[in-house]
Each structure stands twice: as structure tokens, then as C-alpha cells.
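Student: Protein chains in written order, with numbering that gives the first Met the number 0: chain R, 0 to 425; chain E, 0 to 212.
No lab work stands behind these hints: they were computed from the structure.
Certain hints may be false.
Once the Cα atoms are required to be at most 27 Å apart in a straight line, the calculated BS3-like pairs of lysine-lysine come out as [as the list claims (entries may be wrong)]:
1. K73(R) to K41(R)
2. K80(R) to K41(R)
3. K73(R) to K161(R)
4. K177(E) to K410(R)
5. K402(R) to K177(E)
6. K410(R) to K340(R)
7. K161(R) to K24(E)
8. K177(E) to K340(R)
9. K80(R) to K24(E)
10. K402(R) to K340(R)
11. K161(R) to K80(R)
Label-pair distances were calculated between CB atoms; the ranges are [stated by the list, open to error]:
12. F102(E) to M398(R): 55 to 63 Å
13. F111(E) to K340(R): 34 to 42 Å
14. A380(R) to K177(E): 52 to 60 Å
15. S4(E) to M398(R): 55 to 63 Å
16. T148(E) to A404(R): 34 to 42 Å
17. F23(R) to S23(E): 51 to 59 Å
18. I7(E) to L395(R): 25 to 33 Å
19. D2(E) to A404(R): 34 to 42 Å
20. T148(E) to L318(R): 37 to 45 Å
21. Q47(R) to L15(E): 46 to 54 Å
22. L395(R) to L150(E): 42 to 50 Å
23. F151(E) to F322(R): 34 to 42 Å
24. A354(R) to A160(E): 18 to 26 Å
25. A160(E) to F322(R): 20 to 28 Å
Keep in mind it's a predicted model, so treat the numbers as computed, not measured.
C-beta atoms are modelled at their ideal positions from N, C-alpha and C, and glycine is treated no differently.
This is what each chain is made of:
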Amino acid sequence: MGDPYLSDGVDLGDVLLAAGKAVFAFTVLLVAVMLMVWFERKVVSRLQNRIGPNIAGPFGLFQTLADGIKLFFKEDVIPTKADRFVFQLAPYLSLIPAFLTFTIVPLAGDFSPGGSEGRVVIFGRETFMQVADVPVGILLFLAMSSLAVYGVMLAGWASGSKYPLLGSVRASAQAISYEAALGLSLASVLLLSGSLSTNAIVQVQAGEGFLGVVPNWNVIVSGFVPFIVFLIAGTAELNRPPFDFVEAEQEIVGGYHTEYSSIRFSLFFLAEFMNVVTLSAIMVTLFFGGPAGPAFGLLPGWVWGFIWFFSKLIVFLFLFVWFRAALPRLRYDQLMDLGWKVLIPLSLVWLLILAGIRLAQPDENGVSLLQVSDNPTINTAYFLGAALSVFALGALLLMVASKNARDDRLKSMGLKAVAIESAEVN
Amino acid sequence: MVDASVFIVSAAIIILGALGVILSKNPVRAALSLVASFFGVAVLFVLQEAHFLSLVQVVVYGGAIVVLFLFVIMLLGVDKAENLRIEPLVGQRYAGVLAGVGFCAIICAGLFLSGPGGEDGAVALTGTPTQEQARIIDATTPDINQLATDLFGRNVLAFEATALLLTIATVGAVVLVKNQKKPVPASVAAHSAADSENSSENTELDAENEVDE
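With the rest of the complex left out, here is chain R (with noise of 0.2 Å):
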């Protein structure tokens, strides 16, 4: 457990390693940072036929710098109805735990079968590529993103104007809604890893997958249910569109940002990409085996991890320019209700078919956890069931609870009338 160099005692040379891993992943997470604003504008002008930047350097690369520069130069308003200390502190509560997710992520490494188990010996220590290895791993990453929501939901109430208000609450509201569903997901994937360490995570899904040929990817073992939650709750906890409710330009103007200028507005800018990146990052380290792939010689193993890493972590950024090119905003009930009456159950029941089957499947010595019938896969079929006969309860519950809730919230509004004469004309 943990990173091999930690194992014997800490002196300088782990602390001064440690720190170089620390600036190098910061290192790495600007420059991702930087290039995602610039793929990000390109692509959109690409989908929507423009051009997008392509003044500043080739292909228009140094057009991020360009604005950064621009930003900095730029005059630092403060509201004077602001509460001063809160506005200068809420975009450093939103930068830093953005970086903070990030130091989790295995980079690279060679998890090829046979290979180093993602280690590789830096002035002669042998460590993982990653800042840190912490054993509770991606329960971090939760955490960050729970602390991400003070950021945005201190800059708008301490902006002291009212669309930065609205903004806020509609932001504590969504961090709320999603974290529940966004955790339950992630803990399917722990149940089929059964660790919290993220470099466990990988090592799992870098094993044999089904006939040798399928990858043993958590977002295929789990069922594709998991991962589709997790991509869905993840988009909304980044409040990118189709969730972005949070700065809806055409309602409440730039949202929590509205006040903001100069270099403070830069810091939401780039750790609202920083979280882009990050996020789709741990979704390439927990469903897609992060640097988990074969290495084709050549290069060193540890290269070829970097490469598969990169070229994931690539898909889902693409993915996510895509969804805020074609997809329109929701409404703010469609957004309530997909969260609370569709991901959390859907989660929460697939997280128990999955533990059913866990339960039932029989282990190294031949017995499962639970056994019903000696035969396994009749004890299979009987868990199973079992998980899903819970889920067709659960179902039908919900489905007529909503139902009564919707007749009684008509007949409040005094809707009901309205109903029964339409049905009486038709």
C-alpha cells in the first residue's frame, strides 16, 4: 500500500522528490489547461462553422496566452456592497481544489502484464506517477468536489448584487443534487475493485479482461450503468452545459461571476477548465484503466502508460466540448428531476445488483460470501433476483409517489378542472 519510496523512513532527497512531483503535475495540469481553452474554442468554431482563434502563434495555439496576458493587465473592480475578504477568497477555494483532484491521477506507468506495476525509479527512488498515492484515494476526489461548490457559491453571495446570488443558491442546490448520485456510481467501481487507492484501481482493470481481448475496463465489468451515472453527475457537478445553470448567460447574466474582473475572473476561467480536465482524468483512471495498455516496445514502458493516459484523457475532453456544442441547457426542474428520481435510484440500484452478484460469485476456494444453492450460477441467479425484485419495488414506489405528488400539485394549483374538461372534449 501507499508509494513505495514512503515505505522506509522520509529524508530529504523524499521530500525534495515529492515536491518535484507536486510542481511537475501543476506543470502538466496548466499547460492541459491551456491547450483545452484553445481545443475547446477551436472545436466549438469548428461544429458551429467559424474558424475560431487562429491569429495568435499556429493554428491560433498562443491565443490563451494572449487573453491570460490581457486579463492581467485589466483593472481589479471590486463591488463596493462586496464583503471584501470572502470576494478576494472565493476564487482560491474554487483553484485549489481543482489542482488538489488532480494530484491522485496515475500519469503514467507500465501496468502492461509483466511490467513494472506502475512504478518507476526517479533519482533512484522507486515511486508511482503520481503526487500522491493517498490509501483513501478517491474518496479525495469526492471531497474536492464538494469543497469546489464554496468557491462558486462564495463569489456570489459575497459579490452583494442579486444574479450572483441566484447563481450561488442554483449552485449549492446542483452540487447537492449530483454529489449523491456522482458517489453512488463511484462506489460500484469500488466494489469490483475493492480498493480505494487509485494506483489499486488501475492495477485491477490493467489485468486479463473476458476472452483475453476485451480490456478489463471498470466501465465494461460494472455494466456501463455506472459510468454513463458518473459521466452524466460529473458534467453537472462542472456546470458545463447541458448543466450550467450556474452562469446561464441568457438568465442571470454571467452568474457567480458577474462581478468578478481582471485576474480573479482568469482564476474561476482556468479552474473551471482545470476541472474539465481533471474530471475527465479520473474518469479515464477509474472506468478506462487510466495508463493501463499494452507497451509495444520502443519506448521505455512507463512512456507508452503516458501515451494511453493521453490519448483517453483526449476522448472525454472532446466529449465534453461536444455535449456544450449540441446540447441545449435543461430546464431547472428537468435538471431537479433527472437527479433525484433518475440517477440516484439508478445508481443506488445497480450498486445493489452489482453487490448481489459480488456476493454470490464464489471465490478463489470455491465458496461465495453467500450460499444459497452449491450450484453458483443458480446462487448467481438467486442473488440477481433477488436485487432485482428490490428494484422493481423501488420502482413502482417512486413511480407512484411522483404520481400522487403530481395530482396533488395540480389540484393545489387548482389544475385538475383544467384537466377533466380537456378530457371531456376530447
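Assemble chain E onto chain R, guided by the hints.
Tutor: Just chain E now, with coordinates in the frame of chain R:
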């Protein structure tokens, strides 16, 4: 040495945060101080190698619960100074002082009983660990496994009872909101419908907390 300095820094953060909670005039700043205090506690948990507990502290208390506080503060617009002369419950101040002094006395008693070394004090407060507990409390198993074994094994009844209690509380809240049966004009009715939706959100929020806890 490292342990002591980490303890001093995080203890200072906890105490300053706690002072901030009771001394800030502004509820939002009080809530922020509460987050700082929770963070200090989380660091102390890490110091005791209870990694899981520390992150749950951040996720549940630092994240969900204070966000909920802030949500309510912002939604109701109560982020203004309150009149502190009004006492909703008669004698609550004296009761509060009494409870605080009593709690402090219990903690101090534990400290004095333990003397230097500290082991005896823990035993004096919680009793000698049984053999079964001693088996669970084993330095080599990760704390998440220890917690799970204890919570879902020995204390499963208490765990379920807590879950039931939370469910009853949420159902009670829903019933209280739903029973406001007075004739309302259509314009207000739409508003109250939105309210009842909020309450159903809260229900599920509490259900979420229940899962977390």
C-alpha cells in the same frame, strides 16, 4: 516533533474556527469558520492515521452539511445580524452554559485521570477494550476495514436504528409541510408547490446523509 507541530497548528485552526463561529456577526462567515474548524479536525484524524474518517469528515461535514447551511442562509436571506435579546426557549442560555461547563468537566476529568502517557485516560473514559474490540483494533488493518467491521458487525442494530430515526425525521418534515391545508389563491399556490418540491428535495438530502453516515 512532526506530530506535535501538526497538532499545534491544526488545534489552533480548530479553536480559531470555533471562535469565529460564535463571534462572527454574519452567518455566512460563521459557517465558513465552521468549515475551517472541521478541516482542523480532519487533519487531526489524519494524524491518528484514520484516513477514511478524515475524508468522510470533509465530505459530509465540510462539504454537504455546511453547503446545506449556506444554501438555507442564502435562500432565506437571513445573512443579517440578528437581535440577540430574543430568547426563543426560556432559560436556554443557562442550559447552554451548564452543558458547556459539564462537557468541559468530563474532558478535563479524562485528561486528569490519564496523567502523563494518556493511555489510562482513554481507558478511564471508554472502559477496557474487550477481546473482540482488541481484535478489530489492530494497527495493520486499514481504518476503513476496522470501521466497517465495527459498524456493520457489532453495532449493526444501532446503525439501523439511526437510519430509521433519520427516516422518521424526514418523513415528519414532509408531513408537516404537506399538512398546511388552507385555501390559497392560485398565484400563491404555484409558490407553495415550488416549496413542497423543495421539501421533497430535503427528504432525499437527508436520505443521502443517512447513507453517508
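Student: Could you run down the list of hints and mark each one as holding or not?
Tutor: So, going through the hints one by one against the coordinates:
Between the alpha carbons of K73(R) and K41(R) the distance comes to roughly 25 Å, so the proposed pair stays at or under 27 Å and holds. Distance restraint check for K80(R) and K41(R): the Cα-Cα separation of roughly 38 Å exceeds the 27 Å cut-off, and the hinted pair is therefore not satisfied. As the CA atoms of K73(R) and K161(R) are separated by approximately 24 Å, the hinted pair is consistent with the 27 Å bound. For the suggested pair K177(E) and K410(R), the alpha carbons sit about 13 Å apart, so the restraint of at most 27 Å is met.
At roughly 15 Å between alpha-carbon atoms, K402(R) and K177(E) fall within 27 Å of each other, so this suggested pair holds. Proximity of K410(R) to K340(R) is assessed by CA-CA distance (about 22 Å); at most 27 Å being required, the pair is judged to hold. Restraint check for K161(R) and K24(E): the C-alpha separation of about 22 Å stays at or below 27 Å, so the hint holds. With a C-alpha separation of about 20 Å, the suggested pairing of K177(E) with K340(R) holds against the 27 Å cut-off.
Note on K80(R) and K24(E): the hinted pairing holds, with a Cα-Cα distance of about 17 Å set against a maximum of 27 Å. Simply put, K402(R) and K340(R) have alpha-carbon atoms about 12 Å apart, close enough for the 27 Å limit, and the pair holds. The suggested pairing of K161(R) with K80(R) holds, with an alpha-carbon distance near 11 Å, which does not exceed 27 Å. Checked against the hint of 55 to 63 Å, the pair F102(E) and M398(R) fails, with Cβ atoms roughly 48 Å apart.
Here the CB-CB span from F111(E) to K340(R) is close to 55 Å, at odds with the stated 34 to 42 Å. Between A380(R) and K177(E) the beta carbon distance is about 41 Å. The supplied range of 52 to 60 Å is therefore violated. The hinted window of 55 to 63 Å between S4(E) and M398(R) holds, with their beta carbons roughly 57 Å apart. Checked against the given bound of 34 to 42 Å, the beta carbons of T148(E) and A404(R), roughly 40 Å apart, stay inside it.
A beta carbon spacing of about 40 Å between F23(R) and S23(E) contradicts the range 51 to 59 Å that was offered as a hint. The hinted range of 25 to 33 Å is not satisfied by I7(E) and L395(R), whose Cβ atoms lie roughly 57 Å apart. Hint check: D2(E) to A404(R), Cβ distance near 53 Å, so the stated range 34 to 42 Å is violated. Taking 37 to 45 Å as the suggested C-beta distance range, the pair T148(E) and L318(R) conforms, at roughly 40 Å.
At about 51 Å, the CB distance of Q47(R) to L15(E) agrees with the hint of 46 to 54 Å. Range check, L395(R) to L150(E): Cβ separation about 31 Å, and the 42 to 50 Å hint is violated. The hinted range of 34 to 42 Å is satisfied by F151(E) and F322(R), whose Cβ atoms lie roughly 39 Å apart. Range check, A354(R) to A160(E): Cβ separation about 22 Å, and the 18 to 26 Å hint holds.
Roughly 44 Å separates the CB atoms of A160(E) and F322(R), a value that falls outside the hinted 20 to 28 Å.
Violated hints for the displayed structure, listed by number in ascending order: 2, 12, 13, 14, 17, 18, 19, 22, 25.
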